[in-house]
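Q: One letter stands for each residue in the lines below.
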Amino acid sequence: CSLFTAAPPEVSYSKTVNQALYHLEPWALDGRVALTGAQDSWTADLAWSHRRDDERISLSGPLGQGAVKIHLSGETVTVAEGDGKVESSDDPEGFINQRLGMFVPVTSLRYWVLGVPEPELDFEETGKGFRQAGWTIAFQAMQRVGDWLLPRKMSVANERVKLKLIINEWTLHDGKMR
Amino acid sequence: DDSPVRQLKAFLTASRSLSADFKQVLLNEQGLPVKTSFGVFYLQRPGKFRWDYQKPFSQQIVADKGKVWFYDKDLDQVTVKKLDQSLGSTPALLLSGEVSLEDNFIIEGQGKEGDMQWIKLSPKSEETTFKYILIGLTKGSLGGMELSDNFGQLTRIYFSNVLINPPLKQNLFQFEVPKGADVFEE
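Chains A and B, in that order, give the protein sequences.
Quick note: the first sequence, position 23, residue 670 per the numbering used here, numbers continuous.
Quick note: the second sequence, position 33, residue 24 per the numbering used here, numbers continuous.
There's no promise every hint is true.
[Stated by the list, open to error] No more than 30 Å apart at the CA atoms, straight line, and that leaves these computed lysine-lysine pairs for BS3-like: (1) B:K46 to A:K775; (2) B:K64 to B:K0; (3) B:K170 to B:K160; (4) B:K14 to A:K716; (5) B:K56 to B:K122; (6) B:K130 to A:K732; (7) A:K716 to B:K115; (8) B:K115 to B:K130; (9) A:K716 to A:K809; (10) B:K122 to A:K716; (11) A:K809 to B:K115; (12) A:K809 to B:K111; (13) B:K103 to B:K64; (14) B:K58 to B:K103; (15) A:K809 to B:K64; (16) B:K111 to B:K26.
Source of the hints: derived by calculation from the structure; they are not laboratory data.
With the rest of the complex left out, here is chain B:
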């Protein structure tokens, strides 16, 4: 069938925009789930994405115009940083099409798990904060993502209700600083 790498590329080029619900599970070094959160993920190529964590806490990570806004509601904190092209900052960057895959990753198919085809992207550069990213495609659409950190902890993200090329309101990617929040800009 179509090679995993081509499937991934086909998916990335076909989806100009995307929205999906997600469940994120942090697995500790022993593989035990220690933290689970839920939210919605939006993507608008090129360069715009938004992680909207809704439960158990409200946090948002919004990227647009080469910057990333990170907001934590309970902490009343907004941090604005440059979107680090070298992927050091956030792996979601690769989905947003800002970065060419081949230049930055070694890409290998990781086989099928049920109807999820896993594709492994290992960063070519040393100083990223993650060892690899796995992207899961189901029926050619985004199904899951997995990142391992340097301690062997895994962040696994399961996507559902995935819409390809939905119309997205542009204010989704314009971060409004809430009243009373402390703001720090790099």
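Just chain A, with the same shape it has in the complex:
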């Protein structure tokens, strides 16, 4: 099916959270991320593939520079920088914070990128998304992928860190769903 942005660009975040998204397994996205904190900012190509409780995230900068692969499984995270340089930790978010120099709520992001709040944590709807755990999550554009409505452009921010994400392509289940 063809990839197109659902409805007008200023799509408002749907009030009803699509519960079925919590059971969407597996999924993968390909896009770009800009992460900005007080001391640093960088932009990278992003590939994220999710399988129940298993996140594989790879980031690479311009001209393929500074590629990093993050594997989050349960409570353990492993970060590989190539040439056999691999480090692991059982404090995923603390470790990623230390590697990237900025705190990124990866475990929550696994839900937010689908356009839904993290379960079991309260949240507050806003016009373009919701607020949860001290973060403001906004969806500037959505896209239809098969029968799903998934984010295409989104931001996640608190007072210290701003993350902007463009998702060029979603791959759901096995086939390439454009």
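Following the hints, put chain B in place on chain A, whose structure we already have.
A: Relative to the frame of chain A, chain B by itself:
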């Protein structure tokens, strides 16, 4: 014939400025193309260059006066960083003549592939983010570039319509921050 190293040096000194179309292909560890992009590359010695990615996304990397502007249109993000002399930041730096080749690289000819003469530059310093850069010269002019990252992924760049010493408008290297973009300066 002329040693590859001398050919490269001759090319770099002969071209005060350069413009070319490029196709960039990212090959994964298995050598399969996973991402392809197209754009235009400009160079003005010393120290100015511009990668203008046009398809499939609009991004620009502009270097001038010791700084690099990185802009991604969809992300509305401009990041300004110091042009890292140690080549850690961008291999294009070596084309811009800011860096002396012998001090920073071990340079070896890598043989011919068709009419492309490949020259390998391996960084002498440890902490660069790339293992080596290959520069391809065809008929003494820039033909291609290849960089491998630490995972063995290859970024291959093919140049075409290469103009040596074309007149270039100086505003090509003056980055204008677009309205509405977030800007971060190091």
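Q: A separate judgement is required for each hint: does it hold in the structure or not?
A: Hint-by-hint comparison with the structure:
no. : hint             : verdict
1   : B:K46 to A:K775  : 29 Å, holds
2   : B:K64 to B:K0    : 36 Å, violated
3   : B:K170 to B:K160 : 22 Å, holds
4   : B:K14 to A:K716  : 25 Å, holds
5   : B:K56 to B:K122  : 27 Å, holds
6   : B:K130 to A:K732 : 40 Å, violated
7   : A:K716 to B:K115 : 25 Å, holds
8   : B:K115 to B:K130 : 28 Å, holds
9   : A:K716 to A:K809 : 21 Å, holds
10  : B:K122 to A:K716 : 17 Å, holds
11  : A:K809 to B:K115 : 36 Å, violated
12  : A:K809 to B:K111 : 39 Å, violated
13  : B:K103 to B:K64  : 38 Å, violated
14  : B:K58 to B:K103  : 35 Å, violated
15  : A:K809 to B:K64  : 17 Å, holds
16  : B:K111 to B:K26  : 23 Å, holds
This entry does not satisfy hints 2, 6, 11, 12, 13 and 14, going by the numbered hints stated previously.
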